[in-house]
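Below, each chain spelled out in residue letters.
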Amino acid sequence: MTELSTGVGKPQLELRQVVGSSPLGPLGNVHPLDFALLGGQVGVVFGGKETSSLFRLIMGTGKIDQGELVLEGTHVRDAKSNDKGLSAWRQRIGFGFREKGLLSNLTLMDNVDLPAKYHDRYHEGMTKNEIAISALRQAGIPENLWHVRPDRINWEIRKRVLLARSIVLDPRVLILDDPSALIASPTMPAMLNWLFEQKAKGRGILIGTNDYPFGLAAADWVLHPETNRITTDYRDFIADEWIKSADILRALGVRAVRKSA
Amino acid sequence: MALIARLGLANYFPWERGHRREFFRNTLMQIYFTFVQSTMMIAVLGIGSGVAIALQANFGLALLGNNNQLGKVLVFIVFREVTPLVSAMLIIARSGTAIAAEMATIKFQQEIEALNIMGINVYHYILAPRIVALMVSLTCMSITFLGFALLGGWIGANISSYFPLSQYLTSVAQAIRPADFLFFTLKTVIIGGVIANTCLQRGLSLKAAPFEVPIVTNRAVVDSLTFAMGIHFTLSVIYYVLYGIDL
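Chains W and D supply the protein sequences, listed in that same order.
Residue numbers for the first sequence follow my numbering, so the first one is 1 and each next one is one higher.
Residue numbers for the second sequence follow my numbering, so the first one is 262 and each next one is one higher.
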């Protein structure tokens with residue numbers, strides 16, 4: 001499979017000719033970043049430090065020298081004009097860290113529940129921890145681990161808790177930093193299944209990874225590493241063997257979706 | 262409200278319900294770790310200090326033939342000087358180091374970045390609760406220390422000679438001036454806030470690697486001690502300039 005169909009839906013995250021920098025380094029100096037992520041679409045960026053830098057920029061921790069960064073019609077410069085605006089911007093984006101980022105003094109349940117409690121997402125009629133429980137269940141965290149601290153569990157579970165936390169505020173855009181890292185091969189289809197579920201809910205998902213099979217299996221489009229523009233034909237920079245592996249993984253993921261359905 | 266907004270202080274106050282709830286929860290937890298868990302240690306230190314100071318003072322005063330001044334000596338030494346300083350040292354040793362090491366570790370573990378990215382205000386969630394908690398805790402610790410030190414003082418006074426409790430309390434009460442309470446509160450609140458702020462800042466100054474944790478913790482202790490001593494000395498000087506030494 002060499003051509004991927006671009007998803008349909010409204011643009012949720014747009015980068016228009018962006019040149020800037022984040023605490024991790026400069027971005028788009030040679031070719032400005034230019035892409036739009038639609039709802040229900042998965043975009044993949046291959047790369048290491050640049051990907052993390054791009055994600056920090058999108059989360060509002062960087063500086064844009066040129067171009068526009070727009071989230072559902074809101075410009076980042078407007079959001080950054082005050083702390084409330086920036087907080088609201090960040091609440092609309094779910095961020096899945098690569099491996100760190102869980103609060104070590106809180107249980108897994110409290111870690112996932114913290115954003116919901118802090119931003120007051122619980123309303124009358126909701127049961128205790130309802131939002132967090134739903135997110136933990138979706139990420140496949142066993143119930144007996146909900147009340148243990150992160151140091152008591154393995155890295156794969158921690159990774160899945162990070163993913164669960166990324167959806168707890170029901171964001172329109174998901175940014176996942178290397179979502180397949182620390183995930184064992186047998187559970188990779190389940191991971192893809194989770195990703196497809198989020199996609200089916202209409203979330204725009206931007207993935208940064210170095211895992212070609214996983215990235216291609218999930219992708220609707222890929223950001224070309226040289227032009228910094230969307231492409232669906234990536235044979236010029238990705239070997240055929242990776243593309244074949246992606247097809248196998250995608251088939252396994254689809255089977256996992258059918259099984260869970 | 263408008264003044265707070267104009268000064269840019271709005272960021273430091275948790276206005277919204279969810280923010281307030283987490284702020285109070287974290288503040289109470291920090292007070293529990295800092296004050297409640299150290300009560301036994303404060304009691305032992307307080308009694309020990311009181312006994313030692315009263316014994317020494319009693320011997321000295323006995324040489325001068327003026328034992329009735331014991332209350333005054335205790336107020337001079339224990340209430341004005343020793344209590345805020347010993348409590349500050351205790352809080353630096355127990356909580357200051359813990360806070361600095363915790364901040365350094367959570368920064369290295371990207372927990373601070375995670376909070377920021379989730380739209381959680383680090384001032385409300387991490388910094389302000391610890392500052393408020395240390396201000397409250399140091400005041401409470403000082404009051405507790407003072408209580409036990411006075412008890413120890415009475416025990417110490419009774420080791421070498423008979424000193425009735427009523428006489429002892431009367432001599433202490435007569436030596437205390439209203440301004441003592443004001444300066445006692447000022448010292449504990451300001452020193453508590455400064456210790457918390459110093460330890461938080463030094464802890465968060467960690468750049469990247471875990472080997473820096475002991476370095477920043479060490480720096481937090483040294484700087485906190487220096488600031489605490491400096492503030493204590495300055496406030497004592499102001500007190501004595503304003504009210505004089507009432508011998």
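It should be emphasised that the hints constitute simulated quantities derived from the structure, not laboratory data.
Nothing here was measured: the structure is a model prediction, and the numbers come from that model.
Some hints here could point you the wrong way.
[As the list claims (entries may be wrong)] Calculated pairs, EDC-like style, for lysine to aspartate or glutamate (alpha carbon to alpha carbon, straight line, at most 20 Å):
no.	chain 1	residue 1	chain 2	residue 2
1	W	Lys-117	D	Asp-484
2	W	Lys-199	W	Asp-247
3	W	Lys-80	W	Glu-99
4	W	Lys-63	W	Asp-83
5	D	Lys-368	W	Asp-151
6	D	Lys-468	D	Glu-374
7	W	Lys-128	W	Glu-143
8	W	Lys-128	W	Asp-151
9	D	Lys-368	W	Glu-68
10	W	Lys-128	W	Asp-110
11	D	Lys-468	D	Asp-484
12	W	Lys-63	W	Asp-34
13	W	Lys-128	D	Glu-283
14	W	Lys-80	D	Glu-283
15	W	Lys-84	W	Glu-156
16	W	Lys-10	W	Asp-83
17	W	Lys-84	D	Asp-484
18	W	Lys-128	W	Asp-170
19	W	Lys-10	W	Glu-130
20	W	Lys-10	W	Glu-156
21	W	Lys-201	W	Glu-143
22	W	Lys-63	W	Glu-130
23	W	Lys-100	D	Glu-277
24	W	Lys-100	D	Glu-473
25	W	Lys-84	W	Glu-99
26	W	Lys-84	D	Glu-473
27	W	Lys-201	W	Glu-226
28	W	Lys-117	W	Asp-83
29	W	Lys-100	W	Asp-110
30	W	Lys-63	W	Asp-78
31	W	Lys-117	D	Glu-342
32	W	Lys-80	W	Glu-14
33	W	Lys-100	D	Asp-441
34	W	Lys-199	W	Asp-78
35	W	Lys-100	W	Asp-83
36	W	Lys-117	D	Glu-473
37	W	Lys-117	W	Glu-197
38	W	Lys-63	D	Glu-374
39	D	Lys-468	W	Glu-99
40	W	Lys-100	W	Glu-156
Hints and how they fare:
1. Lys-117/W with Asp-484/D: Roughly 36 Å separates the two Cα atoms, so the pair is violated.
2. Lys-199/W with Asp-247/W: holds, 18 Å
3. Lys-80/W with Glu-99/W: Not OK: Lys-80/W and Glu-99/W at ~27 Å, beyond 20 Å, violated.
4. Lys-63/W with Asp-83/W: holds, 16 Å
5. Lys-368/D with Asp-151/W: The hint holds at about 16 Å.
6. Lys-468/D with Glu-374/D: Roughly 13 Å between the alpha carbons, so the hint for Lys-468/D and Glu-374/D holds.
7. Lys-128/W with Glu-143/W: holds, 15 Å
8. Lys-128/W with Asp-151/W: Status violated; Cα separation ~24 Å.
9. Lys-368/D with Glu-68/W: With Cα atoms ~30 Å apart, Lys-368/D and Glu-68/W exceed 20 Å; violated.
10. Lys-128/W with Asp-110/W: It holds: about 11 Å lies between the C-alpha atoms, which stays within 20 Å.
11. Lys-468/D with Asp-484/D: holds, 19 Å
12. Lys-63/W with Asp-34/W: It holds: about 16 Å lies between the C-alpha atoms, which stays within 20 Å.
13. Lys-128/W with Glu-283/D: holds, 16 Å
14. Lys-80/W with Glu-283/D: violated, 24 Å
15. Lys-84/W with Glu-156/W: Cα-Cα ~34 Å, so violated.
16. Lys-10/W with Asp-83/W: violated, 27 Å
17. Lys-84/W with Asp-484/D: violated, 34 Å
18. Lys-128/W with Asp-170/W: holds, 17 Å
19. Lys-10/W with Glu-130/W: At roughly 29 Å apart (the allowed maximum being 20 Å), Glu-130/W and Lys-10/W break the hint.
20. Lys-10/W with Glu-156/W: violated, 33 Å
21. Lys-201/W with Glu-143/W: At roughly 24 Å apart (the allowed maximum being 20 Å), Glu-143/W and Lys-201/W break the hint.
22. Lys-63/W with Glu-130/W: Violated. Lys-63/W to Glu-130/W sits at ~37 Å, over the 20 Å cutoff.
23. Lys-100/W with Glu-277/D: violated, 28 Å
24. Lys-100/W with Glu-473/D: This hinted pair holds, its Cα atoms lying about 18 Å apart.
25. Lys-84/W with Glu-99/W: Roughly 28 Å separates the two Cα atoms, so the pair is violated.
26. Lys-84/W with Glu-473/D: violated, 33 Å
27. Lys-201/W with Glu-226/W: violated, 31 Å
28. Lys-117/W with Asp-83/W: holds, 19 Å
29. Lys-100/W with Asp-110/W: holds, 16 Å
30. Lys-63/W with Asp-78/W: Distance ~13 Å between Lys-63/W and Asp-78/W Cα, so the pair holds.
31. Lys-117/W with Glu-342/D: violated, 44 Å
32. Lys-80/W with Glu-14/W: holds, 16 Å
33. Lys-100/W with Asp-441/D: Roughly 50 Å separates the two Cα atoms, so the pair is violated.
34. Lys-199/W with Asp-78/W: violated, 28 Å
35. Lys-100/W with Asp-83/W: violated, 25 Å
36. Lys-117/W with Glu-473/D: Between Lys-117/W and Glu-473/D the Cα gap is close to 33 Å, so the pair fails against 20 Å, i.e. violated.
37. Lys-117/W with Glu-197/W: Violated: Lys-117/W and Glu-197/W sit about 24 Å apart, past 20 Å.
38. Lys-63/W with Glu-374/D: holds, 16 Å
39. Lys-468/D with Glu-99/W: With Cα atoms ~19 Å apart, Lys-468/D and Glu-99/W stay inside 20 Å; holds.
40. Lys-100/W with Glu-156/W: holds, 12 Å
Hint violations for this structure: numbers 1, 3, 8, 9, 14, 15, 16, 17, 19, 20, 21, 22, 23, 25, 26, 27, 31, 33, 34, 35, 36 and 37, all remaining hints satisfied.
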